[in-house]
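Build the full structure now, drawing on both the sequences and the hints.
There are 2 protein chains.
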Amino acid sequence: MKIGVLGTGMVGEAIATKLVAIGHDVVMGSRSATGEKVVAWAKATGKGKAGTFAEAAAHGEVVFNCTNGTATLEVLKAAGAANLKGKVLVDVANPLDFSKGMPPSLWVCNIDSLGEQVQRAVPEARVVKALNTVNCEVMVKPSLVPGDHDLFICGNDAAAKAVVTKILKDGFGWKIVHDLGDIKAARGTEMVLPMWIQLMGVMGGPTFNFHLAH
Amino acid sequence: MKIGVLGTGMVGEAIATKLVAIGHDVVMGSRSATGEKVVAWAKATGKGKAGTFAEAAAHGEVVFNCTNGTATLEVLKAAGAANLKGKVLVDVANPLDFSKGMPPSLWVCNIDSLGEQVQRAVPEARVVKALNTVNCEVMVKPSLVPGDHDLFICGNDAAAKAVVTKILKDGFGWKIVHDLGDIKAARGTEMVLPMWIQLMGVMGGPTFNFHLAH
Chain A
0 MKIGVLGTGM
10 VGEAIATKLV
20 AIGHDVVMGS
30 RSATGEKVVA
40 WAKATGKGKA
50 GTFAEAAAHG
60 EVVFNCTNGT
70 ATLEVLKAAG
80 AANLKGKVLV
90 DVANPLDFSK
100 GMPPSLWVCN
110 IDSLGEQVQR
120 AVPEARVVKA
130 LNTVNCEVMV
140 KPSLVPGDHD
150 LFICGNDAAA
160 KAVVTKILKD
170 GFGWKIVHDL
180 GDIKAARGTE
190 MVLPMWIQLM
200 GVMGGPTFNF
210 HLAH
Chain B
0 MKIGVLGTGM
10 VGEAIATKLV
20 AIGHDVVMGS
30 RSATGEKVVA
40 WAKATGKGKA
50 GTFAEAAAHG
60 EVVFNCTNGT
70 ATLEVLKAAG
80 AANLKGKVLV
90 DVANPLDFSK
100 GMPPSLWVCN
110 IDSLGEQVQR
120 AVPEARVVKA
130 LNTVNCEVMV
140 KPSLVPGDHD
150 LFICGNDAAA
160 KAVVTKILKD
170 GFGWKIVHDL
180 GDIKAARGTE
190 MVLPMWIQLM
200 GVMGGPTFNF
210 HLAH
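One line per chain: the protein sequences are A and B, in this order. Those letters in the first sequence? Residues 0 to 213, by numbering that gives the first Met the number 0. Those letters in the second sequence? Residues 0 to 213, by numbering that gives the first Met the number 0.
Hints listed in this document are in silico derivations from the structure and should not be mistaken for laboratory results. Any given hint could be a false lead.
When the alpha-carbon atoms are kept at most 20 Å apart in a straight line, the in silico SDA-like pairs for lysine to any residue are as follows [claimed, not checked]:
1) K174/B / H213/A
2) K36/A / A81/A
3) K174/A / D147/B
4) K140/A / K1/B
5) K174/A / V107/B
6) K174/B / L211/A
7) K76/B / A120/B
8) K46/B / T33/B
9) K1/B / T69/B
10) K140/A / H210/A
11) K168/A / G45/B
12) K174/B / H210/A
13) K174/B / A212/A
Only part of the chain A face toward chain B is listed, based on derived beta-carbon distances under 10 Å [to be verified]:
14) M101
15) C108
16) Q116
17) D178
18) G187
19) L192
20) I196
21) V201
22) F209
23) H210
Covered, in the sense of this in silico footprint (three residues per stretch, anywhere, with C-beta under 8 Å from a C-beta of chain A), are these stretches of chain B [as the list claims (entries may be wrong)]:
24) 21–32
25) 102–110
26) 140–152
27) 167–180
Cβ coordinates follow ideal geometry from the N, Cα and C atoms, glycine included.
Right, here's the structure in full:
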């Protein structure tokens with residue numbers, strides 16, 4: 000499948016590298032197609048390609064937003080609404096604000112969410128919020144955390160959620176994916192982050208996840 | 000142990016009844032000591048006593064705040080700061096606002112929390128936020144949910160957290176209790192509620208809980 004990955008940070012690199020490894024045709028998008036990180040990534044993978052945000056978006060049938068939440072809306076502008084029209088847009092970002100100390104706050108929450116802002120910014124994309132409640136290494140290798148543990152997704156388009164669930168399960172190895180409903184449920188999955196970050200301190204690292212016992 | 004329970008709703012009734020059943024000396028506090036609900040509860044338990052908020056607070060070495068979050072600060076005023084001085088105050092409430100439809104929002108979150116507001120309202124009480132992430136039946140009978148699943152507590156006073164953890168484990172039957180740190184961590188545990196309520200819809204009921212896989 001043709002997939003675009005927006006963002007060259009730890010999250011973008013983990014997801015793009017995994018997608019290449021499982022046989023997808025991936026363009027990683029950066030501000031510049033000749034940026035150091037994106038070029039190094041493409042070379043390291045052999046098969047991955049470097050591009051601009053717009054090129055990655057145009058390339059993908061599915062596009063992963065792996066940018067820092069603070070940069071997300073600006074990056075989507077650079078990617079271009081036309082390039083994202085009809086595409087499945089997987090929003091992995093969180094609106095974390097560390098500027099006020101610990102625990103971090105969210106710069107949008109409660110009566111809105113970054114997921115909803117993304118959907119409003121590109122209304123013709125089919126946004127699916129996913130993977131934002133786990134560390135980037137766990138995202139693509141859930142077996143790093145022992146036992147059963149779960150992902151939570153949401154979005155307005157059922158077919159888009161089915162596409163993403165298939166990648167998460169067959170591609171990344173997730174066993175349990177809960178569909179929380181429409182994109183408004185992103186409020187809930189993003190608001191888990193303050194507790195997640197407290198837990199990272201308590202657990203001594205990010206290699207943990209929630210399992211829904213029921 | 001002498002325990003006060005503020006609130007006669009489902010949460011107060013579940014907790015007060017369990018505390019009586021495991022041998023504690025419990026006063027359930029209500030607006031009036033002759034209120035219909037609190038009198039019926041005392042009669043039903045045989046050993047439980049009915050009182051005002053102030054009487055329940057004065058009675059307890061440990062006091063459970065089981066009021067609706069919207070009423071909590073007013074009830075604490077009625078209970079009286081002097082009656083809560085030095086006491087372990089277990090804050091079970093959530094600042095849920097259903098007035099704007101689903102998913103509900105929180106009337107305080109992100110850079111403050113109800114737990115912190117409670118601690119500020121009664122600065123000489125030793126506030127421990129606990130139990131607010133599970134349904135009231137699960138609070139006092141965790142075995143209703145199969146498998147391992149966890150509680151999250153926080154507060155500024157380590158000895159108070161130890162007292163509460165002992166009640167949760169030895170009294171209520173909880174096996175896993177994570178201490179998230181000081182009372183600011185209540186932001187995190189309260190902000191889980193919007194996702195919890197979405198999950199209640201997805202799971203078809205409130206009998207579920209989170210387990211931290213690690």
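Here is how each hint holds up against the structure:
1. K174/B / H213/A: holds, 16 Å
2. K36/A / A81/A: Violated, at roughly 26 Å.
3. K174/A / D147/B: holds, 18 Å
4. K140/A / K1/B: violated, 49 Å
5. K174/A / V107/B: Distance ~35 Å between K174/A and V107/B Cα, so the pair is violated.
6. K174/B / L211/A: holds, 16 Å
7. K76/B / A120/B: It holds: about 8 Å lies between the C-alpha atoms, which stays within 20 Å.
8. K46/B / T33/B: Cα-Cα ~16 Å, so holds.
9. K1/B / T69/B: violated, 26 Å
10. K140/A / H210/A: Roughly 16 Å separates the two Cα atoms, so the pair holds.
11. K168/A / G45/B: Status violated; Cα separation ~54 Å.
12. K174/B / H210/A: holds, 16 Å
13. K174/B / A212/A: Roughly 14 Å separates the two Cα atoms, so the pair holds.
14. M101: Since the shortest Cβ distance to chain B is 8 Å, the answer is holds.
15. C108: holds, 6 Å
16. Q116: Violated. Min distance 16 Å.
17. D178: holds, 7 Å
18. G187: Holds. Min distance 3 Å.
19. L192: holds, 8 Å
20. I196: holds, 8 Å
21. V201: Since the shortest Cβ distance to chain B is 6 Å, the answer is holds.
22. F209: holds, 5 Å
23. H210: Interface hint status for H210/A: holds (4 Å vs cutoff 10 Å).
24. 21–32: Since 0 is below three, the answer is violated.
25. 102–110: holds (count 6)
26. 140–152: With 6 residues close enough to chain A, the hint holds.
27. 167–180: holds (count 4)
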